[in-house]
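Make the complex out of the two chains shown on their own, each in a separate frame, by following the hints.
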Amino acid sequence: MNDNPDFSALRRRLLLALGALPAAGRAAPAAPSRQPVVVLTSYNDEVFSRFEAAFEKAWPQYRLQLVWRMPHDALPTLRQPRQSGIDVYWSASPRNFASLAAEGAWQALAIDRDGLPGHVGRARLADAEGYYAATEMAGYGFIVNPAELARLGLAVPQDWSELAAPAWSGRIALPDPGRVGFAPVMVDIVLQAYGWERGWAVWSAIAGNAGSVMEAGSTFVTDEVASGRCPLGLSIDFFSAAAIANGAPLRFAYPAHSGINPAHIAICRDAPNPDGARAFADFVLSAAGQRLITHRDIRKLPVRPAVYRELPADYFDPFRAAERGVFDYDGDATRDRLGLVAALFAQTLTREHGELAGLWRRVHRAEAAGRDVGAVRRQLEAPPLSAAEAADPALLAPFRDRREAATAPAANALEAQWQQASRARRGDIARRLDRMGA
Amino acid sequence: MRALCLIFALFCLSTANARADDAAALREAYLQPLPGLDDAGRERFFRGRSLFRQSWVIAPADDKAAGLGPLYNRLACISCHQKNGRGRAPDGPDERMLSMLVRLSVPGRAADGGPKPHPAYGGQLNEEGVPGVPGEGRAALSWIELPAVTLAGGEKVAQRRPQVEFVDLAYGDLHGSLHSLRVGQPVYGLGLLEAVPAATLLRLAREAKPDGVRGRVNRVRDVATGRDVVGRFGFKANMPNLRQQIAGAFVGDLGITSPLFPSENCTAAQAACRVAPSAAHPELPAADLDAIEFYLAHVAPPPQRDADAPQVRDGAALFERIGCTACHRPELRTGPAPRFPLTAGRHIAPYTDLLLHDLGPGLADGRPDYRAGPRQWRTPPLWGIGLVPRINEHSQYLHDGRARNLQEAVVWHDGEAAAARRRYVELAPEARRALLAFLESL
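Protein chains in written order, with the numbering used here: chain A, 1 to 438; chain B, 1 to 442.
Don't take each hint at face value.
[Said to hold, decoys possible] Far from chain B by the CB rule (all over 10 angstroms, computed), these chain A residues:
| id | residue |
| --- | --- |
| 1 | F48 |
| 2 | W68 |
| 3 | R95 |
| 4 | A167 |
| 5 | A245 |
| 6 | N273 |
| 7 | G331 |
| 8 | A333 |
| 9 | G354 |
| 10 | E355 |
| 11 | R361 |
| 12 | L380 |
| 13 | R400 |
| 14 | R402 |
| 15 | L414 |
| 16 | Q420 |
[What the hints assert, rightly or not] Listed next, the stretches of chain B that the computed footprint assigns to chain A, with coverage defined by at least 3 CB atoms under 8 angstroms from CB atoms of chain A:
| id | segment |
| --- | --- |
| 17 | 51 to 57 |
| 18 | 94 to 108 |
[Unchecked claim] Which residues of chain B face chain A? A partial, calculated answer using Cβ under 8 angstroms:
| id | residue |
| --- | --- |
| 19 | A61 |
| 20 | R221 |
| 21 | V223 |
Keep in mind the hints are simulated off the structure, nothing from the lab.
Being a predicted model, the structure only gives us computed values, none of them experimental.
C-beta atoms are modelled at their ideal positions from N, C-alpha and C, and glycine is treated no differently.
Bound conformation, chain B alone (with noise of 0.2 angstroms):
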């Protein structure tokens, strides 16, 4: 406990630096605690941050944190999450996905209603298996250039999609199924995204907005108590709350049981994995299942940076001038959360409504999931995004990675955006500029 209050001290010290704008801490601005933390809840919560970052072992092992597999992505909930960040896309095929996965279905809807899993690969392709278990195989992504789009002034802007192919596969063909490509979330400021009363976004999907902008809230099965609600985690809103969404990861990507989902991830195709031992049931006891909850609830957003520069300034006003507001609200206000105090009644600025939207044909990966349509993605918070290239040491965006910079991000919007995109694609440099500058600052 004593210790764990020290690690605190040096977060402190480091939070000290960034004020005094220390560009190297600055590096560890997704990885700080809400302020207000009482000496427990420290504790908690670096207790959370080292399951969040520990390896996982496969069982048999002299080791608590045995579990990983029979079916697997990786290792580690940060392997994906890297500094709590965002993962990143391959180059090209010859690259494996480290930080990104595909979830796969096939066409109709599971009892819940949400996706259906594929009979034989489940609902997500795990390329790694334990000994004696063969991983499901390998997604080797390529990318297919473009034509360039040109803005106003000239200047050019390239894009890129993703193809995927499917190669080893060791459980049979994957024709006829659905896929989305994911790269790992950002996972902090979720405890606060968590707080926003569901009343909240079906007032904002109900609320008239303008070109042609609308937004729905996705509804899913909340496996503990077995009800549909508003969904919030996930790009496309597919998650009910932080503690599915975890127990989620670990089953899915770690193949790591929780009392949340206490069966293996195994299609009854899967005969090995089916009889590969459990390190215990559940591999991940409910006390550090809270421990992460905890963790992830309480991970700060990074404060904007440099809000007062004029160009920063004229940036923010164009942001909502040209309509980017209409779906990245720039301030929401935290309900009452009994569970995490620390969340509750505060104004935040995360630029989302957590709503669905169609974003056009271009990034539709054709997947719905529960009542998001297939070309529906959530509104990705903002803030925190103009410190990727610090802190993920890449600059790659929306859903897949498709994104090389914020702008080609901005240039792929279509459908409900296409106004807002349009509107982009015709300000003069120095405003396209002054909006970047502000994307930058967040």
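Same shape as in the complex, but just chain A (with noise of 0.2 angstroms):
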């Protein structure tokens, strides 16, 4: 098929990039063999095609190829002799990363990181063995509709306690911590950002308020919403992005106290080509690839600031907003307690939720007639344990091991007594108010 045998295939690609060889009627030269870069990822095709168009234009001597994997799959992948086989693993599942961390699946990044800062506010958008770095974030707020807020006369909040005024009664779609991946995050923000008496004093009054507990997050806290049954939900911002960039009538509000949820790249230790893995990794934190992220059917959050300067004033810049302390949550701080939290909120918030919200309206009602129930409502906002034995190390254990373990029988059995002591209590108060007539 050519015509120049001579040309060197280099020599043909440099002339054709000055532009020197499209003549008319002659064949293009030879395309070069390419070393395949394998990439085991959980994006969809929205987002891996653009990178996939992308780095094999910069780089033409590689070749991705692309398994793709659920998180909770990704894991035996790469723990298969040899790492199957994959150079990089990129994916939106921090814990994934540090597991695999903790097993030596890595190799060291060994990327530049000029203009690539290791935090935004207090998370941190790199481990500190080097082994992974962010690639993108995601953030936490509201999902709003505000042709219904509008028409109910609410504003958008700007922070998670204003969630907590009657107003809001009925009207918030709320994804259950006990099944919701990314919520158990969101729980532990407000619980840091409010310490943790008033942090459970919001969220019980959140969730008595909220009309919708979901019990699957992505995109269903976003169609309750866009649905108009309610007019705000607790939810991720890229859940909705892509959906508000192509016109859905709906925005996204960061609050003071927001958090990130990053997705991560990494270089397996056994990586049969280190150094395409290496470039991919460079690639996608690049300004190139970090400008792919920003395209409107994908919306992500850049880590690299720079790409910030060039996106529409109303894209939401997280290293503006940190400035402003909205990503002052320290997701190490308290990350052995997450899966605590989420627990405790499940039994005692949104289970049997419907007696919870009953218990709040009547409160609400009562105050709204000017009568004192001041006692009541600090039994409601009172968290169900105190900040001292929620840290004790023999309670968290069972619940920061039962991600791994098949059954957990001890968290189980904390769970069902949890659950126990809320009914209790909400008995208690319920005869309270009957007593008082409220």
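See below:
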């Protein structure tokens, strides 16, 4: 096919790049072989195909080969002999990266981090040992339906505590932290922001105001809000970002206390093509790669601050927001308690949710009528455990390990206790309200 | 189920926006269901949509979506049909075919009358293989610029044609084989096209037409019944119905077996492929095939925009006057459709006759497909074509993406369309602009 055999492939490409060769009627040069770079990922086609096209253009010596696995199925793949021939793992599952790092699954990432901060607020954007790095982030906050809010005369809240007000009764879509993967961190953000006591008080009231408790997260919270069933939902930005960019009449609002959910990239210890792997990781973190994730069908938050300068003014910039303290949440500090707080929340606030919501409505009504129900309110707001109890390592352990183990009898027994205690407490509150005629 | 209804609500909202001509919402215009689906219908629609979008996983895996490969092109249906729209060709040999494929065969006919698959590569080049199974190789596409065509008034229209070179071939050379380059086709409005009665197509084929336009139905094997029936789908009307087209894509593009095509796509020459594990037998259960079929049968074609603008009306009249409608039929009527009643008895404006036409040597792929000759192509529907740049973020047209805008596509017409093309070239510039404005309104 080649009509010019004495040209070396490289030289031909150079000439082509310089625009010297596209002669009419002449066959273009042969394409050289490419070395595969095998990427294990759970990104959808929308994201990945853009990276395939752009990376291979930038690095014509490599060919991306994609192995798709759900996060739960990625762990066994990387634990196979020779890590199943995978070069790179790229996914939004922080726990997988941490567990695999502990098993020695990665080699040093060793890429140029110039222009890539190590933190946004207090959230780390790379692990301390240099094995993996965040490639994009998603932020926690409120997905709102502005038309519905306007109809109800509600303003977009600035922070979580505003959602405790009676005006929000029945108007919030709440993902159940016992079932929805992103929700435990959300619970913890509020507990860190307001402190243990006030944090649980705010959560009790928000849960009392929930109109829908969602058993599936992802886009379902967004759908609940888009449908108008609830004018506001607690969520992560990217579940609604693409819908909004493509015309859905919704808005995402970041509270004064938010947190991020990062995706990471790492190079496998046994990577067959470490140079190709590094080239890919480098590309994902480069300005060009970071721009790709801002496409309106994707709309994730880049980890390279310079990229935000080229984006429309309404594109949320987490680095700027962090200067206002929006990302002061320190995930590392309380990582160990996530399982515990999620379980506490689920047992005491979302299980038998109708009863909790009913009690809160009665309290709001009584207060509106000028009655003093302060003692009852305090009982509703009180944390299910004290801060000291919840910090007990013996209590934390069964919940921390729950994800790894198939069964967690100790955790289940504790949950059963909390459920009972919470039922008893609600019964007590109901009787007190009855006695007051409220 | 409730969740699915809620997703539908999101859809309704974006449709409402499209009506308000919200530019952003138009990007979702190829994704809307036909109006009138009930709750159960919507649930099936969204289930099919998830399957169409989902990335498939190599077996063995702890995942329902397992079964990709042993040989395949891409991980998902949506990879080549982005936003339910059309694929694009690479810009040059360094870029891979991300939403395009190459059909292969050797001269002669297979037992069913279709193209004879290549003995080592089969009917399509599968660039990818699962671990341990070498991908078949790579099709490197280069573009050859041709002399520009001058239109009345002096405007020049560039023309390019593709040239493919096969590299990294893993199963021997491809000398003497026939190949056909094809970009992913749009996948909306297909249930309506399926509901056009075969008798209508036969009548259209028989009808006398101006300008030497002929038109022929393809006859292809329906694997479910073993009978030869009218072909409708694919660039050469080489597939009889939506279900077989979908099952064919599953096995041919993703390497996923189904009740219609229960064997993996390995040839006798592909030893590693033949022993690679399958996720199940078949990998795609009938219920999932049903769901995707239901989904694609109910994706609506986007409504025309700006139909009343004077320029668009002039363009529509010209489209008829210069002979484009001899093939791009502005109106068809669907017949009974017991399986998908929403598609029955409708007047539709697809701008196709679903017939095969000789479009001349320039566009010919030289690869016959059942009764479709080496120079014949099915008239493609033009509905929704004006939204391609907005939705697919490119403006490539024709079966191999060679046209870089609508005008280049028109100027490539030849053969039975030579008279219409000549009239287009001779139109005054304002008249050409009106005709293009009409195409853009579709």
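What hint numbers does the structure not satisfy?
-> 1, 2, 5, 20 and 21
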